[in-house]
Amino acid sequence: MSAPVFITAASISAELHQAMMEARGLALTAKNARALAVRAGSRTVGFRAITDFIEELASAIIQQSQAINNDAEHLSNQAVSAWRSDMANERFHWVRAQNSTHADSISGRILACEQRSGSLNQELQHGLRRLIDQLEESRKHIRTANLIATSSHVEASSAGDFRGQLEVIADNIRETAERIGGHLNRANALLSQNHRERKAAC
Amino acid sequence: MLATVLYEQDDHRWIMFGRDANKPDGIIDTNQYLIQSGNQAILLDPGGIELFAPMLSAVLKYVPAEQITHLFASHQDPDIISSLGLWDQALPKAELYSPWLWESFIRHFGMESIRFRAIPDEGMTIQVGHTQLQFIPAHYLHSSGNFHVWDAKAGILMSGDVGAAMEPTDAPLWVDNMERHAPKMKKFHQRWMPSNDAKLDWIRRVRQLNVKVMAPQHGRLFKQPQVGEFLDWFETLPVGIAIK
Ligand SMILES: [Fe+2]
Ligand SMILES: [Fe+2]
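Line order of the protein sequences matches chains A and B. Position 31 of the first sequence, counted from 1, bears residue number 31 in the numbering used here, the numbering being contiguous throughout. Position 58 of the second sequence, counted from 1, bears residue number 58 in the numbering used here, the numbering being contiguous throughout.
The shape of chain B in the complex, shown without the other chains:
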């Protein structure tokens, strides 16, 4: 499992895990993120059950288990959180932040000790260490109950399935050319994202943020100017059109 530090300022760090060359075949490659601040840390979209052991091992290179106090699941998909039953035994004191809509579904992955913290539809702000993190609504992108994570201090937006591309595990980490990258995202966004209205509303809100890095759950990450280029591309892309 590859680990890359995306941001580091004093004891505030963003680490991305992914590009797992050893992952079993047939499983979609995912990016997992750890945000550390002081003696607390949050794992964003910790991933599928098959990835649990390499993920835990990779995470423990940066932070002891007891300091992983928070988990976040942007939505209910298995590639996001089917590892929950195992995290539940590894981090019994942790809290899981996830859309209220999915609580009774996510519990099917197994949750005896971890506490479920329901994120209301309008989103919320939490404190991890001395960092404020905002859960930003991203409903219908693609899941009908879905949030992204905004760290204003680091300027990083974890954008879940938005901006996702399916690529081999040895693909570069950053999008360097939107023209060449866009075709790799097109079909996924058109098929997975059901609502043009939701898409435009999200773009409007994200443009108001000063996003330096956009970090999706699959594929490459975006820096400026590619973040802006992505928003422009997404804006004109008709989505939810698979039935046509």
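In isolation and in its complexed conformation, chain A is listed as follows:
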């Protein structure tokens, strides 16, 4: 059995928060790289162009992480409502089965609960689908970051005295991208497992 959606969504939210913190670090790395490239002068024109690109990328990752985070939080709330509704419904069914004199007087509530559960669960399905798409989008950014890290290395090799420092920066970009990618992968794994199992249950 998978974890309840509200736990999955909260865990995704936590992963995305980590990714966002890493992306902030990436933005800082880009700023340092730009300062260094300016000092290094004409030999690092290529590197300077790359730093602009990294900064944009970092801010795109931050924005997207925040959006996914918000969505996941909203989903977690919805899931709690759905769970409450299911919990009430389960008890209503038990009560009706006891055949008390007026047991049928809760039939209307059972119907209302089931309708509510149905529409909440449908919303959850859509929300989970949307999260999967958003995560896929974010992973494209990580692939770009890796490409940038590679070209940074190439540019660094022609930067003379600054070569060592620029190479450290290029490695830094690659490592940060890897860590962000790790968070996204974990979020995705949580999500697709839950999504699959919910689909099978419906």
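If you're looking for bench data, these hints aren't it; they were derived computationally from the structure. What you are looking at is a predicted structure, and each value in this text was computed from that prediction instead of being measured. Honestly, I wouldn't trust all of these hints.
Stretches of chain A that chain B covers, calculated by requiring three or more beta carbons in the stretch to come under 8 Å of a beta carbon on chain B [what the hints assert, rightly or not]:
no., segment
1, 80-88
2, 91-105
Only some residues are given here: those of chain B computed to face chain A with a beta carbon under 10 Å [claimed, not checked]:
no., residue
3, Ser57
4, Gln89
5, Lys186
Facing chain A, according to a computed beta carbon distance under 8 Å, are these residues of chain B, among others [to be verified]:
no., residue
6, Glu50
7, Phe52
8, Leu56
9, Lys61
10, Ala65
11, Leu86
12, Ala90
13, Ala94
14, Ile114
Just so you know, even glycine gets a beta-carbon here, dropped at the ideal spot from N, CA and C.
Using the hints, position chain B with the ligands against chain A.
This is chain B with the ligands only, laid out in the frame that chain A set:
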């Protein structure tokens, strides 16, 4: 869940629910009360979330869901009202009467549809069916915002945690001997009730009522002469002394 009719006069009834032999271990046993009048009913201190299903089932033996128009929570404790989130889905049109002091706390139990009716500190009177019910201040007994329910016509005072005793679920329903019963209440009242002043003020006011039955939220109920004996006992019992 055991149900006992405490009072019946035409279409005006008091029913007590409790002594639930099937309740999960480790949960304090509670008495819940239903007052019916005409085609309306009020549930007093409906209980904890673990008791919701057996309570609803027991209540539906007496009254259809749509006639449970009122709920009352004497204070904010979980054994009183942690079932609220489920009643909210069972009785979306009901109104919950509870001390104004606890509104923002009680809402943590989940309340989307039920309407909160704040009882002011001085108490209030409401009409359920054709019966008038009075919410009588019982602040600091034990909760700092707390009410008891007085039904003058039936002569029944629902006294919340006052008069409570912790006993096995197969204990008799009525106190028959105050001397033997008092030790079972002593520690609870001394530890839970924080204020001797509040206690004396409450006793003074209750003595002015013609209480035939005093119905606490835990343990046995009191008839006369035990009601009077309880008031005398409580009067001399020093409370709020746990730090000594
Ligand atoms: Fe209490
Ligand atoms: Fe209590």
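Here is what the structure says about each hint:
no.: 1; hint: 80-88; verdict: holds (count 4)
no.: 2; hint: 91-105; verdict: holds (count 10)
no.: 3; hint: Ser57; verdict: holds (4 Å)
no.: 4; hint: Gln89; verdict: holds (4 Å)
no.: 5; hint: Lys186; verdict: violated (37 Å)
no.: 6; hint: Glu50; verdict: violated (11 Å)
no.: 7; hint: Phe52; verdict: holds (6 Å)
no.: 8; hint: Leu56; verdict: holds (5 Å)
no.: 9; hint: Lys61; verdict: holds (5 Å)
no.: 10; hint: Ala65; verdict: holds (4 Å)
no.: 11; hint: Leu86; verdict: holds (5 Å)
no.: 12; hint: Ala90; verdict: holds (6 Å)
no.: 13; hint: Ala94; verdict: violated (12 Å)
no.: 14; hint: Ile114; verdict: violated (13 Å)
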